[in-house]
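Asker: Let the hints inform the model, and build the full structure from the sequences given.
Residue numbers (the numbering used here), protein chains in the order written: chain D, 199 to 696; chain R, 199 to 696.
Once the Cα atoms are required to be at most 25 Å apart in a straight line, the calculated PhoX-like pairs of lysine-lysine come out as:
#1 R:K329 <-> R:K582
#2 D:K409 <-> D:K639
#3 R:K298 <-> D:K205
#4 R:K298 <-> D:K211
#5 R:K211 <-> D:K298
#6 D:K402 <-> R:K402
#7 R:K205 <-> D:K298
#8 R:K329 <-> R:K291
#9 D:K205 <-> D:K291
Simulated from the structure, these hints should not be mistaken for lab results.
2 protein chains.
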Amino acid sequence: MSNAYEKLMVRVKDAARLESVGALLDWDQETYMPTAGVTARADQIALISGLQHDTLVCDETRALIERADAPSDDHVAVTNLREVRRAFDRASKLPTELVKEIAHTTTLAKQAWAKAREQDDFGAFEPLLTKVVTLKRRVVDLIGYETDPYDALMDEFEPGAKAAEVEAVFKDLVAATVRLLDRIHDAPHRPDPGILRGHFPRDKQETLSRKMAECIGFDSNRGRADVTVHPFCTTIGGSDDVRITTRYDEGFLSPALFGTMHEVGHALYEQGLDAAHRFTPMGEATSLGIHESQSRLWENLVGRSLPFWECHYETLQGFFPEELGDVTLEAFHGALNAVTPSLIRVEADEVTYNLHIVLRFEIERALIDGSLAASDIPRVWNEKFTECFSITPPTDREGCLQDIHWSIGALGYFPTYALGNLYAAQFFEQARRDVPDLDAKIRANDHAPLLAWLRKHIHCHGRRFRASDLVQRVTGKPLSIEPYMSHVEGRCADVYGI
Amino acid sequence: MSNAYEKLMVRVKDAARLESVGALLDWDQETYMPTAGVTARADQIALISGLQHDTLVCDETRALIERADAPSDDHVAVTNLREVRRAFDRASKLPTELVKEIAHTTTLAKQAWAKAREQDDFGAFEPLLTKVVTLKRRVVDLIGYETDPYDALMDEFEPGAKAAEVEAVFKDLVAATVRLLDRIHDAPHRPDPGILRGHFPRDKQETLSRKMAECIGFDSNRGRADVTVHPFCTTIGGSDDVRITTRYDEGFLSPALFGTMHEVGHALYEQGLDAAHRFTPMGEATSLGIHESQSRLWENLVGRSLPFWECHYETLQGFFPEELGDVTLEAFHGALNAVTPSLIRVEADEVTYNLHIVLRFEIERALIDGSLAASDIPRVWNEKFTECFSITPPTDREGCLQDIHWSIGALGYFPTYALGNLYAAQFFEQARRDVPDLDAKIRANDHAPLLAWLRKHIHCHGRRFRASDLVQRVTGKPLSIEPYMSHVEGRCADVYGI
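Answerer: Shown next as structure tokens:
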């Protein structure tokens with residue numbers, strides 16, 4: 199191992215530590231920070247983010263990167279060096295001032311978005327959104343791209359992903375989804391999703407969420423759970439400090455129950471990363487799409503499955519006897535898997551969810567290639583939504599203002615949600631082959647074999663493999679919509695009798 | 199204003215922001231961090247603390263300091279420049295290697311102290327304490343001093359304070375205290391401090407603490423309260439984000455009740471600093487002694503006074519009817535002000551508290567001037583303690599091992615606790631003159647006039663005035679023991695009938 203490599207890793211770890219400090223500043227802002235603290239916090243976040251950038255992007259790092267080498271049989275060093283070079287190349291293309299301006303603008307835009315959504319006033323958000331898009335287009339120009347400007351953004355979240363390829367996959371996915379929706383439309387049975395609504399006291403939901411998190415493997419010594427308006431998972435101290443948040447709705451069971459399993463899915467990936475590689479690429483998740491595959495796998499493939507509830511439904515009925523005492527397991531399972539076109543992405547079922555993503559993907563590409571202005575978003579959103587779902591959002595609050603992503607500058611992020619769904623199903627199909635009697639184990643509340651499989655095949659590798667390579671390596675096939683469609687068609691067959 | 203001054207302030211603000219980020223890392227570690235996060239957290243804190251040091255102590259800062267000037271009629275710039283020069287001078291006198299060695303040694307010493315205290319084994323702590331003292335003596339030599347080496351240490355916490363002057367004040371304070379204790383010894387009445395012990399359910403204590411904090415002026419939009427083993431107040435985002443913590447003991451009312459008022463006193467100072475000067479010396483507290491004066495003023499001068507409880511005692515009885523329903527206001531007020539020589543400083547009453555400080559002050563001076571070896575501390579401690587309190591600590595755990603301060607290298611810190619008591623009484627005496635009917639206002643739960651007085655005369659000035667100058671300016675007199683003795687004698691007259 200070269201001396202330059204070792205020195206480079208010292209800098210890389212410092213930069214990653216600064217990023218983790220930034221994650222704490224964010225977490226605290228969402229959970230416990232007093233309201234008046236927001237201005238000072240924006241300054242702190244901007245400072246740390248600037249220092250992180252300066253630690254990585256400087257002449258010393260450049261010199262070390264040029265001199266560093268790694269023996270080709272040392273996959274740890276090879277991976278770290280490859281990823282550091284990639285991050286350096288991306289980051290060194292962006293001047294510190296631009297990075298700071300983005301951090302500052304998005305802090306303000308996030309607040310403006312929250313207020314605009316509350317008041318259903320897109321106009322109040324539009325100037326900051328326009329600024330965010332302008333800054334992101336500058337990023338695209340500075341990063342560069344081969345054929346599609348959107349690639350430059352997506353590469354931040356899903357390294358190596360290409361818009362043209364994603365577009366092709368999404369095209370097949372939409373077509374298959376529309377065919378399935380047609381069949382559901384004429385189905386003989388209709389589950390009642392209203393079962394999940396009623397009165398579910400918060401303290402019971404909290405106890406239940408904690409139990410669910412622990413039963414699927416969340417390690418509370420290396421993490422914690424808090425409450426926020428918008429649930430998330432964040433990593434503060436490598437795999438030893440991973441935090442999730444949950445939202446409680448006393449009138450609706452799903453947000454806490456499946457929100458928790460979703461965030462725990464993310465947390466299990468982070469807790470499964472190798473602590474020996476903390477603060478280096480080998481100790482980081484490989485992409486957001488793979489990350490989402492882990493959350494969706496636990497939320498949907500496990501969490502909405504019949505075997506899981508064959509084990510837990512009696513317990514759940516014990517928590518809420520008045521609401522669920524007379525509801526059969528089959529009716530409950532039907533409610534969990536009911537397919538209903540809806541305005542809000544985060545409330546969407548597994549079948550229609552990806553359509554929400556494709557809509558955002560198309561709008562983002564148009565914003566970035568300059569063919570759409572931010573001011574036109576509400577009109578275009580509603581047109582596309584109506585075409586796709588046959589319903590028109592009555593307000594922007596239930597339309598183009600529903601998601602936080604654009605306000606925080608996360609353009610190029612949405613596709614990873616749909617990719618995550620596809621990866622999840624493809625991984626789970628393979629896990630089913632590799633883990634004997636997986637359904638029986640889930641039915642027996644034994645999730646350790648599945649978690650061990652995920653740790654061995656996905657978590658422990660850190661950033662060693664690109665998402666597409668990982669899928670090929672783990673499942674022996676390239677990414678395909680088949681496992682996902684087969685999964686949702688199977689669920690719909692059970693629930694709708696089609 | 200010189201351009202160099204403006205540039206200097208940018209660096210100063212960045213360094214202060216980094217310090218505030220460090221404060222969040224500490225706060226989170228004490229409140230919410232999962233146990234396994236401690237290793238990553240130590241790395242994060244070391245990194246931020248190193249960056250803070252490097253931002254302030256570097257050639258660029260030195261060049262700016264040399265070139266910067268401020269018009270003599272601009273007290274903001276004059277203050278900031280004076281304080282930045284002072285901090286730079288102190289910091290640049292200490293080589294990085296020494297700073298690192300102190301950080302490393304105190305980390306080990308703190309652990310060794312905690313274990314030694316637990317096991318009542320001074321010998322296990324002694325080698326590291328000896329090393330801490332040696333390092334601190336090197337600091338003293340490098341910082342320099344005029345006549346007394348202890349000045350160089352005290353200056354870190356109470357800028358400008360001189361050991362000889364403090365010694366003279368403490369001599370008078372001890373003599374007056376001993377006279378008062380003699381009178382108490384022969385007093386006709388004896389209050390029963392046992393009233394404050396019993397069963398006080400935690401949830402009620404929490405509600406009560408919140409009410410007390412708000413009633414004396416804590417602004418929850420600009421702060422928050424949490425729970426820790428050792429209560430503290432910390433500033434995360436200037437006056438807009440000030441956080442306190444409280445400890446709850448279901449068997450003892452005082453820690454939560456007076457601990458909260460103490461920490462809120464600190465917090466009111468921080469919340470009263472001028473937000474326009476955030477992250478510069480004009481937006482910082484002037485000394486630890488003045489800080490302690492604010493906490494002790496609210497805890498003792500207000501919080502243990504009869505007018506305060508004339509207003510609140512019925513409410514308190516309502517919270518704990520079984521424990522306090524039959525206890526008269528007079529008996530309760532007596533319990534709050536009972537004087538009982540005790541082994542532990544943090545449990546001491548207002549009369550004997552300062553004796554604990556003088557004992558530590560004398561030992562620290564002897565350690566620093568080389569006339570006392572760390573190995574002799576237990577013997578000297580017990581001799582002095584017996585002489586002063588007429589009781590001998592049965593263990594070092596209840597003697598010289600009780601405080602964390604020496605293990606973390608905070609020599610020169612203890613005097614600020616007693617100075618804080620004296621400043622508090624001197625300020626309060628003046629407030630009584632300036633605010634009409636102050637007692638009546640406290641009795642009417644109207645603390646706004648007192649807080650406004652503190653804001654106007656103390657808080658808003660930041661570091662403009664040194665502690666001794668501030669006392670002279672606010673009260674028209676130099677620091678004196680008279681207001682404090684007059685205050686405690688008055689309380690003892692009421693409570694002990696002397």
